[in-house]
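All letters in the sequence shown, in the order written, are residues 1011 to 1736 by our numbering.
Derived by calculation from the structure, the hints in this document are not laboratory data. It cannot be assumed that every hint is accurate.
Within a straight-line C-alpha distance of at most 20 angstroms, the following computed PhoX-like cross-link-like pairs (lysine-lysine) qualify [as the list claims (entries may be wrong)]:
1. 1070 <-> 1471
2. 1107 <-> 1154
3. 1125 <-> 1107
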Amino acid sequence: MATLLYRLGRASFRRRRMVVVLWLVLLAAVGGAALAFKGSTSSDFTMPGTESQRAIDALKHEFPEASGATGVIVVRAPEGRTLADPALTGAVQGLVKEASALPGVVGAVDPFAAKALSPDGRYALVQVQFAERADGVTADQRSKYEQSGATARAAGLRVEHGGEVMNAEPEVGGTEGIGVVIALVVLVVTFGSLVAAGMTMLNALIGVAAGMAGLFALSSVISLTSTAPVLALMLGLAVGIDYSLFITSRHRQHLTEGEEPEEAAARAVGTAGSAVLFAGITVIIALAGLSVVNIPFLTVMGLAAAGTVAVAVLVALTLLPALLGFAGAKVLPRKLRDGSADRAAAAAKEGFGFRWARIVTRLRVPVIIVGILGLGALALPAAGMRLALQDPSASAEGTPAREAADLISTGFGPGFNGRLAMVVSSASPEKTAAAVQLIFPALQDTPDLIAVTPPNFSRDKRTALLAIIPKDGPTAESTETLVQEVRKRTHGIGGADVSLTGQTAVGIDVSEKLSDAMPIYLVLVVGLSVLLLMLVFRSILVPLKAALGFLLTVGATFGITVLIFQEGHLAGLLGVDTPGPLISFLPILLIGILFGLAMDYEVFLVSRMREDFVHGAGAQEATVSGMGHGARVVTAAALIMISVFAGFTLIDDPIIKSMGFALALGVAIDAFVVRMTIVPAVVSLLGRSAWWLPRWLDRALPNVDIEGEKLRAELAAPEDREPVTV
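Input sequences plus hints: build the corresponding full structure.
Structure (C-alpha cells):
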C-alpha cells in the first residue's frame, strides 16, 4: 500500500498542473449538477415497521385532505378581556378568513366552532391545513403564513404562529464559520507558514465543496433530510483539514531531513497517506454502518457524511501533493527555506511531544489508573440519559415556534403541544365504530390523560381518528408513560387495528428501534474496524486497546452532554434555553462518528510508533518517538476538529447545537486524554507484546505495509533516481 501511494504521490507532484485542472473541472461539473438538479431537503422522518409509522401511513391514505402540513395560530386576548368580546370575536374570525385565503392553505378552522378555546376564554387555537407537506411548503408561503394576523394584532390580540409548517431547515454558513477561522489560525501557528496553512485549508475546502456539490446534485433522486447536509459539511471540513494537515506535516519533516520536494511529497503520501487512507476507511465504515439501523433518515445522514469523507481522502492523496509541487520550499517557515544546517537542526530538535511521552511512559501505571477512573466518573450522569424527539417548546427563545409553544402551554397546558393521534381501523364500518366506543371506557381514569376527542371517520367509515391530549408536554416522562399505558389498554380492542402516533409516540418508537439495532451496529462497526486495525498494526492488543479507549471517550462525552443539555448545568454558557431530553438518534450517531474519528488519531499516532518499531527501534523508544513526532500534528488536528465542531454550537437549532457540542467534546477527550495520554502509557506498559500477532494469523492476514517497510527497502536499493526540477 505504501509503495502504491508513494507512486501516486510522485505522479501527482510531477503532473501537478493536470491534477489541479482535473479537480477544478470536476468541481465545476458537480457544482453545475448541483445547481441544475438540486432538490428540496426533507424533515419527514420515516421509521418502517413501527406502530407510529403505521398510523402515519394510515392517515395519509384514509385522510388525504389532512395529509399536508399543519399550522397552529395561537391568539390571546388582552388582560381583563376575553374573546367573547364582540370586537375580539370579529378579529379572530377575520384572522380565520385571512388564513384560509393564504397561498398553499386548504382551509382554517374557526376556533369558536371547534371549541378550541381556553377555559378562561382568553386563548384560541386556529388550525390551519396546508395542501403540501412541510417539505413542499415554499419559503414564500411560510413567510406569508407567519406575517398573517396584522389586523388581529391591531385589534389588541397577541398572535403567534406555530405548527409543523414552521419547522424550517437549520441555517448554515454564518456564525459556524468562526470555527473555520480558528482552524486557519491553528494551521498558521502549527506550520509557521502562511503558504502551508493556506494551501492545507484550500485543499480541504475544495474537497468539501466537491463533496457537498455532489450531495446536492443527488438530492433530486434521494430523500435528503435537512440535517444530512449539516453533518456532511461538519465532518467534511474537519477530516479534510486534518488529513491534509497530516500529510503536509510529514512532507515538511522530509524536507527538513534534506529530501528534495518531489521525493518528500511522494514519501509523505506513501507513509502518512497510508494512515490517512485507513483512518478514512474507519470513518466511512462507522458512518455507512448506520444503515443497519434501517431508519431511512439516519441511513441518508450516514451515507451523506461518508461520501464527503471519501472525497476528503481522495483530495488529500491526489490534489495535495500537486499543490505541494507548486509551493516548493515555501511550505517551510522562512528561516528554514535556506540552509541545510538550519533544517538539520530543526529536524533533530525535540519538542514538547517527546517530553510529554517520557513523562507518560515513566508514570504509566498512575496515568492509566487516574485516566480510567476520571473518565469513568464523568460517564456516571449518562446512566440517567433520556431520549426524545425535538419539542417546539425547547426551540431557541424568540423563534416563532417557541413563542407559539409557550403561549399554548400558558393558555391550554403543555399537553396541547404534544397531542397524540390514535388511528382505529378494521374491515367494516360497524366493527370500527364498535371498537371506538370501547376505547373511551378503556381509557377512563388513565393517569395524566386530559381528554380523548370525538372520532373523525374516513369516507368509507372503516378508519377513525381520535386525538388524545396528555397533561404534560411531549418530552415529559409522564407523557412517555401515558403512551405506553394507552397502547397497552387499547391494543387490539374490539378486534380492530389500533395504532398511536404523535411526537412522543414517534420518539419512543425511534428509541426502541435504535436500542434494538445498537448491538448489531456495534458488532459490525467495531468488529470491522478492529479487523482493519489488525491489518494495519499487525497486532491483537493494539486494536483491542483502541476500542476499549473509545468506550471511555463515549461514556465521558455522554455524561457531560447529559449534565449540560438534559440537566441544565452551565447550559446558559452554550445558549441552551430549555434543557431537556437529548434527541433520540444522537447516541448512535455520536458513537458512529466518534468511533471513526477516534480511530483517526489512533492510526495517526500508533502508525508512527509501529513504523519506528518495525525499522529497528525498541518498544519504549518507538513509543516515545511515535508520540514525539505525532503529538504536534495530532494536537493541531484535534484543535482544528474541535474548532469546526464547536462552531456549530452557535446555531440556534438545538439538534445541531447538541451534535456540535458532543462531537467537539468527544474529540477533545479522545485526542488529549485517551490517545495522547492513556494510549502511550498502555503501549509502554505492554512493551514488545503490544505488537504481538500469532504466526498463523500473521500469515492469514494480508500485509498492507502502512509503515512503509517495503517502500523503505525499495528506496534504499541502488537505483538511480530521475533528476528533479522544481
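Where does the structure disagree with the numbered hints, that is, which hint numbers, in rising order?
-> none
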